[in-house]
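Q: Here is how the chains run, residue by residue.
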Amino acid sequence: MRSPFAYIPRPRPLQLASPGAAVAYLGSLIVVAFLYSNPIVLLAVGLAVVIAGRLAGAHAAVRAALWMGLTLAALIVVVNALVVSRGETVLARLGEWPLFGQVDVTLEAILAGFVLGLRAAVVMVGFAVYSACVDPDRVLRALRPIAGRSALTATLVSRLVPVAAADAARLRDAARLRGPGAAPVGRAPLARRLLAGSLDRAVDVAATLELRGYSLEPHRPAAGATFSGSETSGKRCTRWVPGRRHQVIGRRRSRYDRRFYAVGLAVLVVAIVGKALGADAFSEYPATEIGTGAATLAVAALVALSGFAPWRRSARTHSALTKRRIASNSLPAGGGI
Amino acid sequence: MADLATPSRATGPALHLGDVTYSYPTATTPALCDVSLNLSSGEFALLAGRSASGKSTLLCAACGLVPHFHGGEIVGRIEVAGIDAIAAGPGELAAVVGYVAQDPETQVVSTTVSAEIELPLEMRGDPPASRARAIEEVALALAIPHLLDRAVDTLSGGELQRVALAAALVTRPRLVLLDEPTSQLDPVAGDELIWLLRRLNEEWGVTVLLAEHRLERCLAAADRVIAMSAGAIAFDGAPGSFLTWAQGADSALETPAAKLFSLVGIEPLPVGVRAARETLASSGHRVEASRTPSSLNFFGREESAGRGRIAEKVQDVRGGSGSPSTAAIAVRDLWVEMRRGDDERRDVLRGIDLAVEKGKRVALMGRNGAGKSTLLRTLAGLTNAVRGKVELASGIALLTQNPGDYLVRERVGDELPGEPGTAALEIVGMAHALEADPRDLSGGERQRLALAIALAGRMDGDALPGLVALDEPTRGMDRARKEDLVGLISDLAERGAGLLVATHDVEFAAAFAERVVLLGDGVIIADGPAREVLSGGWYFATEVARVLDLPGVITPEQGAAALRQKPRTEH
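Residue numbers (this note's numbering), protein chains in the order written: chain A, 1 to 337; chain B, 338 to 908.
It should be emphasised that the hints constitute simulated quantities derived from the structure, not laboratory data. Cβ atoms here follow ideal geometry from the backbone N, Cα and C, with glycine treated the same way. Some hints here could point you the wrong way.
[Said to hold, decoys possible] Among chain B residues calculated to face chain A with C-beta under 8 Å, some are:
| no. | residue |
| --- | --- |
| 1 | C370 |
| 2 | P427 |
| 3 | A431 |
| 4 | T443 |
| 5 | L456 |
| 6 | M460 |
| 7 | D490 |
| 8 | S493 |
| 9 | R687 |
| 10 | S731 |
| 11 | L735 |
| 12 | T737 |
| 13 | D742 |
| 14 | V745 |
| 15 | R746 |
| 16 | A761 |
All chains should be modelled from the sequences, with the hints used to inform the complete structure.
A: Following this line, the structure appears as structure tokens:
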């Protein structure tokens, strides 16, 4: 069974875009998540990545990442509430705990934990959408000019998630196959084993990449032979058409690239300008204050709207529009019947 | 350096090692000890030796991974097609060397098969037209054109291995290094691969260095055998001489046909089936002409006129399997559907009827993708059936292809605490390793430990009433370790467990199995006693069976007994 985070080629704008454009778009949202602490903006970023993922068809990845991210967020809220006793609104006094000392659960610590957890969840969903929608083959090729001498770096960037996802599936199966008398597999040993195993296997994959000549100086393709390939990545191309420009997988452009670059840039500009104008108004202690000014709401609205960047006009809408255009073009001069 | 776009076909040694000694980082003993070797262009050499004898390290040194990727200390000189491998590293050697490692899962770096095969050509800067042609040609040569559009994470182990091989061969390298390339291939694909390598060797002049445990499969194709022991070269010579050497030096390296000849006292020892039959004929031992295997229970995939007779045979073969008290597992009309690619679904198992009795040892065989692993996973509840019924008498312990997946803690005792854990460790002969770190155990010990984890808590005193299923347990094993595993399987069966072992290894199946079930495209096409199923065929037959072609004779001991009984013909 395939991992929900595995890349699946689909004819959707985010998958068709070049890795640079997709990374610029998703990366800008993740940058905003790190730049802002205001929960309204963070919720807007979360909404944007969820919408982007669903429009790109990565429903399973979004669902799985949301589940994992929200579980982590809940854990962070609990830990922060127990560890941090700052804040004016004390909800419960739990007395002296070993290691923790005096434990007072405050509303401010819970909200601060919520913000930290929300940020972690948003980043996880963002990476899940990246993993499910950006072709690792194209990432690998795009990284070659930058990381050509380090196959390991390239492998970690492009293959660690798929390798870890495959390992996780196998480890889950093995955990289910343990006899009733064997020690149950706890989350911590499993996570440790998964991380160590995935890194080991990423090193092996990096060795294979070296053997494929990844560290050789990139060659320019010959001018004569060219091909016309479909936009969908990873497709087999055996029809060769002389005279057209050859584009290898890593350099293939998409008509959606400009859109993603533009939206990514706009998000960053809005976020930076908004930050300068005080849109990130938020303080945790001693009393929680969440900015809800016009600047905050405007940044949140624009960031949330950016989630629609991977939207593609459906064939039905497109054909209806085309018919309407044809109908309007075929009207007699003067427009009346 | 040679022009990367046109691989060098220069004369001179394809591979030269001069007094190479190498130690892995933190290792106390060297993995290669003073190894000197010259491999001429166009040679087909077989690298033999037990596990951990240094074969894989030698191959890694020849492709530059040692020391560039693994680190460690190296002394001596390594040249590949005139390039200093120690100075150059694997990237630059990629133009002249193709390497296929043991584990195919770590040898794919792309998401689709076509992208994977195209990658080395693209890295080398080949023009698109030649890339497309090379991909088509290598895909045709390895019989994988149907896989080109598939995602690599939907492929079986055998299919992955062929894709990795295609990626290694697509650049037409001068030297091809292969580390047990047939370990995950069925006998048909394994034989085809060896002869494909031979053809590449003869027609393109490609030098081949092939490390393999199943020597009977490739000895006849080799020009030369290099045997390694404890990191040093113990033998280097012609295949015939190697067999004579192995007879005295290490019987674990003997092929079944050579062992048969040794037992009967026939000389010279044969390097393949053809040579064995010729020698037998010339020495007066009459060998039957090849015949179609008519005595087997081969069940057609479609309903046929003979179906009623076949059904009776099925019942005969399965004996008392209908009795619920003796069956460890009973499967009726099992259908499993799986997704292939993104949307397409297909039936992987189609109406399987199978019963395994307690205390019986059954081999599950069939070509890659026939449904063996899926059947085992379905029995263990990892995969859901769309139709049919699985009745388990007392649970199932399944050991998958990667025993390491079962080991998540740093102490054996922590994996298997308490009395059930100790009992399971005793059953697999690992009670002494309670305090050991699983990572420090040998491959065979890790496999036993993983099996103990699967068995823990499923025992009834010393008895083991359920089904024990093993999926391809002999991957990367030498013959000595296989013999240990045969002993373990027999022991488990004696304790009352039904054993169902999916394997491609015909010789291993002959050694342990009483019964063989042959799967083909999701249906059982043959089911019968091992001595019948593994004799009289072309591919799913042992080397001794192919040499003698006598019904029911599959092991060297049985063959020797048969030859001693048969009257010799006069010349």
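Q: Holds or violated: is the Cβ of B:V745 closer than 8 Å to a Cβ in chain A?
A: 4 Å, holds
Q: Is the interface hint for B:R687 satisfied, with its Cβ closer than 8 Å to some Cβ of chain A?
A: 20 Å, violated
Q: Does B:L735 hold up as a contact with chain A if the rule is Cβ-Cβ below 8 Å?
A: 5 Å, holds
Q: Would you settle whether the hint for B:D490 is holds or violated, based on the nearest Cβ-Cβ distance to chain A being less than 8 Å?
A: With Cβ-Cβ at 6 Å, under 8 Å, it holds.
Q: Have a go at the B:L456 hint: is there a Cβ in chain A nearer than 8 Å to its own Cβ?
A: 5 Å, holds
Q: With a cut-off of 8 Å on the beta carbons, see whether B:A761 makes it to chain A.
A: Holds, because the Cβ-Cβ distance from B:A761 to chain A comes to roughly 6 Å (cut-off 8 Å).
Q: Do the numbers back the hint for B:S731, that is, is its least Cβ distance to chain A under 8 Å?
A: Cβ of B:S731 sits 12 Å from chain A, so the hint is violated.
Q: Can B:T737 be said to touch chain A, with a Cβ gap under 8 Å?
A: The hint holds - B:T737 has a Cβ within 8 Å of chain A, the shortest such distance being about 6 Å.
Q: Given B:T443 as an interface hint, is its Cβ closer than 8 Å to any Cβ of chain A?
A: Holds: closest Cβ of chain A sits about 4 Å from B:T443, inside 8 Å.
Q: Tell me if B:S493 is really an interface residue toward chain A, meaning its C-beta lies closer than 8 Å to one of theirs.
A: At 14 Å from the nearest chain A Cβ, B:S493 fails the 8 Å test, so the hint is violated.
Q: Have a go at the B:D742 hint: is there a Cβ in chain A nearer than 8 Å to its own Cβ?
A: 4 Å, holds
Q: Are B:P427 and chain A close enough, Cβ to Cβ, to be under 8 Å, as the hint says?
A: 4 Å, holds
Consistency note: the structure conflicts with the earlier hints numbered 1, 8, 9, 10.
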